[in-house]
Structures are given as C-alpha cells and as structure tokens.
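Residue numbers (our numbering), protein chains in the order written: chain A, 1 to 568; chain B, 1 to 568.
Treat the hints with care, since some could be wrong.
Which copy is meant is left open, so a pair is good if it fits within one copy or across any two.
What the hints assert, rightly or not - No more than 30 Å apart at the CA atoms, straight line, and that leaves these computed lysine-lysine pairs for DSSO-like:
| hint | residue 1 | residue 2 |
| --- | --- | --- |
| 1 | K160 | K209 |
| 2 | K160 | K422 |
| 3 | K126 | K148 |
| 4 | K209 | K381 |
| 5 | K126 | K381 |
Bear in mind the hints are in silico, worked out from the structure with no lab data behind them.
Listed here are the chains, written in short residue letters.
Protein chains: 2
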Amino acid sequence: MSEHVVVIGAVALGPKAACRFKRIRQDAKVTLIDRDDIFSYGGCGIPYYVSGDVSESNQLRTTAFHMVRDEPFFRDIKGVDVLSSTEATQIDRVNKQVHIKNLRTGEESVLSYDQLVIGTGATPRKLNLPGEDLENVYYVGNMHDAEKIKQGITEGRYSKAVVVGAGFIGLEMAEAFSDMWGIETTVVEIFDQILPRMCSPVLAKMGQKHMEEQGVTFKLGQTVSAIIGDGKAEKVVIADGEIEADLVIISAGVIPNDKLARECGLACSERGGILVDETMRTSDPLIFSGGDCAIIKNAVDGSPLFLPMGSMANRQGRVIGGNLAGRNEKFPPAAGSWCVKIFEKAMAGTGMSLGAAKQAGFDAISVTLIMADRAHFYPEKDMMSLELVVDKSNRRVLGIQGLSAGGDAMVGRINAVAAIMKFQPTIEDVSNLEVAYSPPFASAMDVLNSVANMADNALAGMNHGHGPDTFAQLWTDRDSGQYCFLDVRENADAEPFLKKYPEHWHNVPQGEIMRRHEEIPRDKKLVLVCNTGGRSYEAQIMLDALGFEEVLNTQGGMAMIKAYGVDI
Amino acid sequence: MSEHVVVIGAVALGPKAACRFKRIRQDAKVTLIDRDDIFSYGGCGIPYYVSGDVSESNQLRTTAFHMVRDEPFFRDIKGVDVLSSTEATQIDRVNKQVHIKNLRTGEESVLSYDQLVIGTGATPRKLNLPGEDLENVYYVGNMHDAEKIKQGITEGRYSKAVVVGAGFIGLEMAEAFSDMWGIETTVVEIFDQILPRMCSPVLAKMGQKHMEEQGVTFKLGQTVSAIIGDGKAEKVVIADGEIEADLVIISAGVIPNDKLARECGLACSERGGILVDETMRTSDPLIFSGGDCAIIKNAVDGSPLFLPMGSMANRQGRVIGGNLAGRNEKFPPAAGSWCVKIFEKAMAGTGMSLGAAKQAGFDAISVTLIMADRAHFYPEKDMMSLELVVDKSNRRVLGIQGLSAGGDAMVGRINAVAAIMKFQPTIEDVSNLEVAYSPPFASAMDVLNSVANMADNALAGMNHGHGPDTFAQLWTDRDSGQYCFLDVRENADAEPFLKKYPEHWHNVPQGEIMRRHEEIPRDKKLVLVCNTGGRSYEAQIMLDALGFEEVLNTQGGMAMIKAYGVDI
Chain A
1 MSEHVVVIGA VALGPKAACR FKRIRQDAKV TLIDRDDIFS YGGCGIPYYV SGDVSESNQL
61 RTTAFHMVRD EPFFRDIKGV DVLSSTEATQ IDRVNKQVHI KNLRTGEESV LSYDQLVIGT
121 GATPRKLNLP GEDLENVYYV GNMHDAEKIK QGITEGRYSK AVVVGAGFIG LEMAEAFSDM
181 WGIETTVVEI FDQILPRMCS PVLAKMGQKH MEEQGVTFKL GQTVSAIIGD GKAEKVVIAD
241 GEIEADLVII SAGVIPNDKL ARECGLACSE RGGILVDETM RTSDPLIFSG GDCAIIKNAV
301 DGSPLFLPMG SMANRQGRVI GGNLAGRNEK FPPAAGSWCV KIFEKAMAGT GMSLGAAKQA
361 GFDAISVTLI MADRAHFYPE KDMMSLELVV DKSNRRVLGI QGLSAGGDAM VGRINAVAAI
421 MKFQPTIEDV SNLEVAYSPP FASAMDVLNS VANMADNALA GMNHGHGPDT FAQLWTDRDS
481 GQYCFLDVRE NADAEPFLKK YPEHWHNVPQ GEIMRRHEEI PRDKKLVLVC NTGGRSYEAQ
541 IMLDALGFEE VLNTQGGMAM IKAYGVDI
Chain B
1 MSEHVVVIGA VALGPKAACR FKRIRQDAKV TLIDRDDIFS YGGCGIPYYV SGDVSESNQL
61 RTTAFHMVRD EPFFRDIKGV DVLSSTEATQ IDRVNKQVHI KNLRTGEESV LSYDQLVIGT
121 GATPRKLNLP GEDLENVYYV GNMHDAEKIK QGITEGRYSK AVVVGAGFIG LEMAEAFSDM
181 WGIETTVVEI FDQILPRMCS PVLAKMGQKH MEEQGVTFKL GQTVSAIIGD GKAEKVVIAD
241 GEIEADLVII SAGVIPNDKL ARECGLACSE RGGILVDETM RTSDPLIFSG GDCAIIKNAV
301 DGSPLFLPMG SMANRQGRVI GGNLAGRNEK FPPAAGSWCV KIFEKAMAGT GMSLGAAKQA
361 GFDAISVTLI MADRAHFYPE KDMMSLELVV DKSNRRVLGI QGLSAGGDAM VGRINAVAAI
421 MKFQPTIEDV SNLEVAYSPP FASAMDVLNS VANMADNALA GMNHGHGPDT FAQLWTDRDS
481 GQYCFLDVRE NADAEPFLKK YPEHWHNVPQ GEIMRRHEEI PRDKKLVLVC NTGGRSYEAQ
541 IMLDALGFEE VLNTQGGMAM IKAYGVDI
C-alpha cells in the first residue's frame, strides 16, 4: 500500500506541504482536511477584498492562472484528496490515526496516517467584551466573515466603523473602510501607539499622522469596555467615552490553534503554540507542524517566536513537504519581517524594535535617519525614514524599521537587512551592504548604508542628540531658558522660524560657525536643527571641538519634526 | 604641527575619505587635490543630466540641501582645503611628498603628507579608432564632456546618434537621447548581447527587445572600424555597413588610473588597478586607495575585482576616512551588484551571470522564473523575471539577475541576495529568505523564494527543460517531427495556437493529463508550455511518473517566450 500523509488544515501551510510532498512522491496518497468549506485562500488579502481592490472573494482562492483551488482542483491538478467541512477531533499517535467528523453529515470516521502534518492555524483573540455577540461585530477570522462585512458595505449599511487593535489587520481594515468606502473610521488601541512592539513610538506616530490626514481617527492607550446596541452594534465604550459605530472589527491578535496537538501530548509552548525543531517536526518525529499554530526560533536572540504570517506558512510548508519525502530540509530562525501599506505610505521592519530589544534584555539604542530613497538629484524620489536598532555592547544589528511613500523601495531595504539577520550582523555589515547603485534606484551612499553609519557615529559618541519626540519635549519647555534652539541652515530656511519665534529661534549657518561661534551662548544647551539632521550633525562636531559642552543634534531635523507632527 | 592628510582625486572616494577623516579628527589638516576645476560630482548622474531629468549640471555637484560642493563649501562646511586644477605628478614615498602642478599657472610645488589617499578614478577606454578625434565624438569621461553633449542637444544639433558599447552608460545614454530628445539612436556592441558578462543572453534579449520597442536600434556582435566625417562625425563604420551619425558616444568601459601608484612602486594588478587590502591600504601602509582606480576582492570566488561604481567609491571612502583616523575598519569583498533603468523597465543583478560563472570555472547552471512581484490577486503588479545562478556541485548561489517594470521591487530583490553574497549562501538561504510579506509588496511565496525553489527542483532533476532561447530553436525546428509542442493550459488559452499551428500545437490541460495521457505521443520529445512554466512543471512531473521518456518543461512559459521575442 502506498504511503499515506494526512494534513490537517488547508489554508496556507497545509496545501503547500501536501502539494510539495505529492510532487516529490507521485506514488503516495495525500489527504488534506479542513473544517471549513472555503479553504486554500490568501487570508492576508481580506482587507483588499473588503476595500474592493480585489473584487470577488474567489480571487483570494484562485491561482495566478485564474483557477479556483477547490476540491476538483486539488484532485486533478495536484493529486491531493481534500475532505472539506471535516474536523479532526483527535490524533491517536499510538495507532497513527486521526479521528475526523464530517461537519455536514455529523458522520465520524478514522483516517490512518504514516506521517501527519498539523496546520491548524490561529484564531482571532477574543476580548470577551459585553456586546461582542451583537450583529455587525466581526473578528475577521475567515472568508465567511470577510464576505459578510463586504456585503454589508456594498449594501451601504455602514457609515461609522470602529476597529479595535492597531496591528497590521486593524490598520489595513481601517484603510479599506475609510479610503474606498468613505466610512468614518476610528481605531482603538490599548497600547499608546499604532503597531505596538513592531516599531518605535516615533515611526508609529509618523504613520498615525499620515492615516489621520487621510481621515482615520485614533484612540490610543484606550481599552474597550463594552459594545452597546439593540441587536446590532451602535456604540463602542472606551475610557474616553462612547464612539458611535454601526460596524465593529476586533483585530486584537491571534492565538495558535494547538488544542489537537496538546491533547495528543505533543510538546507545546506554555504561552500557546506547537513546538517544532528546525526540520518543522514536532516532538513526535512522524508529525510536522508550521504556520500560525507553531512556534519557531527568533533569529535575534534564539527565543521562541510566534510569527503568524502567510509567507512563513508557505515557506515552512515547502520544507515540510520535502521532509515528508525523506529530505533533510531546515527552516532557519526568523527575524520577524513585516510590511504594511497605509494609504500612500508603507511601513516595514525586521528584527526587534528598540522597545522589544530592551524588553528582551539587550543594551540597545536606535538611530533614526530621514533621507531620499535614491540620488537626491534624481527628479522622482521619496523621503525614507529608517530606524536602526543596535546593541551598544557588541555593535550587533538587532532590527530595522522604516516608513516611506515609496513602498517597494522601503520594503526592499528591509528585505536586504532581513536577509542577513540570521548571520547576526554588525553595524559594519549594513554600512557596507552592497546596495545596487544607479541614480533612479539608490544613492551612492544609500539610505541603508547611511543609517548604519549614523549608528556607528552614535556609538562612537560623535553624533549625540535626540529624535523628534525629545525635540518636541524640549520645544514645549522652551520658555525654561535652558535651551538655545540653533538652526544651522542658511538664513533663508531659518527666517520664517526666526520671525515666528524671535525669542527662541537662532540661526548660524553651518558654514559660518567657525567665524561666528562667539555669538552662540555657552551657558545653554544647544539644540541644533537643520533639514534632515546632516548639517546639524556636522555643526555639532564643530561645536564639540570648539568646547561647547551640551550640544544636541536633532536627528531627522525639520523633516522628521514635521512628519512627527510637532506644532512648530 | 597637526597631521596632514593629502587626498589625490576629488570626485567620489576622495571627498568622502577626506570629509570623514576630518569629522573624526577636527584637529588635522586635509588637502584634496583634483586636476579638474569641476569636482565632487555624481558622475553616474550624467545620463540624467543629458536627458534633461536633471536640468542643470550643477545639480550633480550640489548637496541634498542645494549647496554646490565647490572650494568654499569644502573649506567652510567640511574644513577641507581643495586644490583644483592641480595635478599630482609624482609621489615620493621616501620623503612622504606629493609633487603637484597647478594646471592654471604651470607652477610646480611639493606637498608633504603624513598619510595619503589615491582616488584617481578611471578613464574611458580609448578605442583608437580612425576618426575618433572628430567633432561630436565623445567619451563621457567627465562633466565637461557632458556639458558639451547637452549643449549640442539643446541647440538641436543632433538627429542621429551612435552609442558604442551596450554597458550601463551606453544604455542610459541611448535612453537619454531617444526617449527625451527623439534622437534616432543606434547602439553598437562588440559582444552579441547587451550588458555582456552582467547577465545571460536571455535576460539581455528581453531588455534589448524592450529598448527596441522604444525606438533604439541595436547592432550586436559588431566592431566599429572607423568614424568618418569632414571635421565632424558623419558616419560610423561597422562590418554590417555604415551608420549615419552626427553624434557618437564611445562607452567601452573604463581603465583604472594607476599610473601615479605604479610609478611610485605601489603594488598594482597586471591587468591594471591599485591593489588594496581589506582596510583599503595599498602596499604602503601610509597610502590608501579605493574607488575606480583600485582592485578589491570578489565575494564569489575571491578573485581580483574591478568594480568602478560610485557606490563602491563612497562606501570605501568612508572606510578609508576611519582608518586614516586610526580605526580598524574593513571593506568586505563585493559581489558586483548593479542596476540600470532602461525606459519603463529595470534590470539588476549581483554576483556572477551564468556565463561569468562558467568562465570562472564553476560547474554552474541557472534557472529563470517569471512571476508577479506581489500577490497575484493584488491589482497593481508587474511580472518579474529572475535568473538564479547556482553551483551544481555544492548548491552555492553564485549570482542572480533580473528584469521587471517594477524597478524598486526588482532592485529590492537583488539587494536582498547581494546582502548575503559574502556569507556564501546556498539555494536554501534564498528559498527561505525572509521577504517581508503583505499583498501590496510581495507574494506569500515570493518570486525570490520561488526562483530558489526552482533551482532546488532543477538540481533534484525534478524540473527539467529549457528557457525561451532553446524553445525558440526547437520551434524553428518544428517541422523535423521530433517534437510534440504540448500546451497544458486550459483549452481557451491554447485555442489561438491550435488554430494557427494545427500540425504542431497540441493541448491537454494539466488537470486532464491523468485521464487523457494516452492521447499524448510517446515517440516524440514533449515540449511543455503554459503561461509561466508553473503548470507545465507540474505536468512534466506527472508525465515523468507516467513513464514518458523525454519531457521538456519550457521555463518561463509563454510570458517569457513573448518577452524574449520568439515569433509565435
């Protein structure tokens, strides 16, 4: 009898593992089980289906050549049997059997396996709020939710949406509602920034400001205590008060579906998720797992990593497929790369944010640079903000995050760093990273090299100062008399500020510092400002050499001060 | 007396090394020498100045904040003295002196140095053609040439241009002439492809075809024997005949300017260029070199590498600046990353092309994939072609090259591989490269992961066949009766070809192969075709398992067959 591989879960990892194995082992039998009747879909595409960018829900289930990935597709094209609307209720490892239940008929039966794959995915985290069972409250857990939301939108039933959770899906849904359908949208987030843990408060604020300019409202640092309504959602209650809402989306993260694995005694993480080794095997060598239900290793510090992303599931699925066929493939530790489109901008990152790095015990600092994403003389370009997180003790790069209107350029820079994260890169690896150069695509000293150079200068004590967040604090405190805000740009650039703030704003162009430094007060902390932080860095070096004692460079300069939203 | 650092050459590496050193060592004296009166410019921007994308030549010499990098700029802003129009005629290493000559006055003098940097760059390779001294024949060696060319163009003096050399600058100049000024442009290249050595003939042909569609004419495999004209260029003579031309650009590569270094006994390569170690020191520890006059190490095979690019010069300049100041910075071996915009498409690569790898002695193969550069259901996307070159013996990745309309996405993928080249990656490192995923920016199984998976399948013998070049040969030979061209797409896709080529084109959709395989001839070589090579790969696996003996998958499918220009 031919070998039988059973795969539980048919969204991303399951189909990939099943089909890959079958391609290598045409003689084997593969059975793919899913409790849903819609399977093998791109769940990450749901916000784009809701927005209308993707017009039909089936498009998320079709191949690049427009064929729907349904049961006949898997049978005829892939040679894989699918049992949909079928739940795996128990794994009997001793007898190598999976107990299954047909959810249409209620019929129960047993499937024997030679090898098994658990790709049961994750479930949206329930908040257990009063009122969360009201109509028009959704968790966006699957295509059925997506179709209901989309139907309500196209029927014009919603005018005010509240999205709970400012993670990727929350922000993408907020954009979908607001941008394409003109629905008044408020995002409520328990942390005091968007994309908590993914990036710094500074980058988060810049992203938030962009979304606010596009009409989205944010309520940060706010817990939802209840959803109120008569049958349907009408209001969302937060500490600040009540927000009217006829549509509520709860996207507060996901929880790995490890129940089946746990019940049959496979090793699982205390915090949830099936533990796998680098071959994606569970504690039972005949059982593999991966995707949103599994826990892998963090490339930065070796800690357990839960990274529920479709890309991880696909790549891991292929490794499992090979290993089912007797290969010895390994899935490397991951850094946690991410990207998200928010209206006209993109945010992206890999590795740890400054906050996450500190929480993980690293002696970390970060530097933030804003610079054109290609030759500054090239006509079409965008300003890219990059924040590099490094370990002060050993110069290791722990992570990088950024924001830019040029999405592909932004993601491309992040991917280059993501590629080396498992090699434990140092600052020098990014300083000299071989970015391909031509004026339409990069600078001769690219923004990526430059942010690493900046980190090098910060660790050497050559570039000292602050970002726009600290600048905002100092500026608020400007009447204390402690600070001299020194604009080192040419007079024409400084003049509007000199006029508006004659008592606080001062101007000595960088090129005139050597002959005019006696005009600069020595009894105040000098807060240096230029367009992007480059000239003020050079001015800071000059003033340091001239013996000025407290010279603070405003990294990112006016460009980042404005993007951050300082009222100046 | 403060330390004196002398830097010879003030285009890219020189200014970067000088200014970086000065920032670290504010007390030191730095003198920057250049024989030209225009210096510190972005030479790579010349084609964009000629095209008009960059309106003024000074823009290539200005900072991001619009300040021209002239003598006062270096003095006041950077603290660096510049001697322009000054030639270094001799280096006296015993006395640590540079002999210089003021080219304006003829005055000769001597500069003592404590440390020296040689950044003398490269000179366009002269072809020594009869007629190359005629008016309107240019080598594009510096800003003066660029200004003359631009002036002639804006005065409407040129209507027919010939560009000799289909490297980066040649192609960029051809685009500038043709796209922005409507000048009838012919590119002559001695090799039988554009971008020789940089990419495969297949990708080259795809790029060439795109440029031809935009109106550029190519004469490949042709040597220029003379330029003819009465005072001014009128015709360019090649084996094929004569090409009318009132403007001739010769861009046949560059030669490192190592004369000064050679004459003072510094170690140089036999093939030209100053040898440096990983700290960018020459054979004299007090003398550094880098940029277009230096030879570094190839990350792929450790061989000497001449890589004249502004980005290399800038990054190396910073390392030199640090080392001049007593740091111990290292510049890593390079893979040779490149990118070039050709009209609406971009081509890019890193590491070795298949041809270069074979020439270097590797047992190399390549695979070529064409696939959307983001989720196939996302509305805005481009098809990206990627060719991965790998070593059959040890699965090492030797290089990657590609072409796409989405330039930033294209370059971003190349940069991700470039980043790991010095770590000697294997196929698995690219298969599992952690590309950040979100539908607007990547596929769940990204094109970059996929091309590595394809290489894995090729080495495993699972994916066997050919690219569009071999397909073109087989198709030409279709009347031989040796081949069955089997279209495995759905009937609707195959139908136009079935009608047009009833004797040669056959169709069994992939999903029907298991029940219809008896229709398929067993006495012919099966040439499988689908849209992009994915379904035909799966069909090939099925047919292999069914015992068909010669099954050939057409990698890249109809998409690449068309982009390559097969007449079908």
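Verification of the hints:
1. For the identical chains of this complex, K160 and K209 are intra-copy neighbours only, at 20 Å inside a copy versus 51 Å across copies, given an alpha-carbon limit of 30 Å.
2. Proximity of K160 and K422 under a CA criterion of 30 Å is satisfied in neither setting, with 44 Å inside one chain copy and 53 Å between copies.
3. Taking the closest pair of Cα atoms, K126 and K148 come within 30 Å of each other only inside a single copy of the chain (19 Å); across copies the shortest separation is 70 Å, beyond that limit.
4. With identical chains, the CA atoms of K209 and K381 are at most 30 Å apart both within one copy (21 Å) and between copies (27 Å).
5. Taking the shortest Cα distances, K126 and K381 never come within 30 Å of each other, neither inside one copy (43 Å) nor across copies (35 Å).
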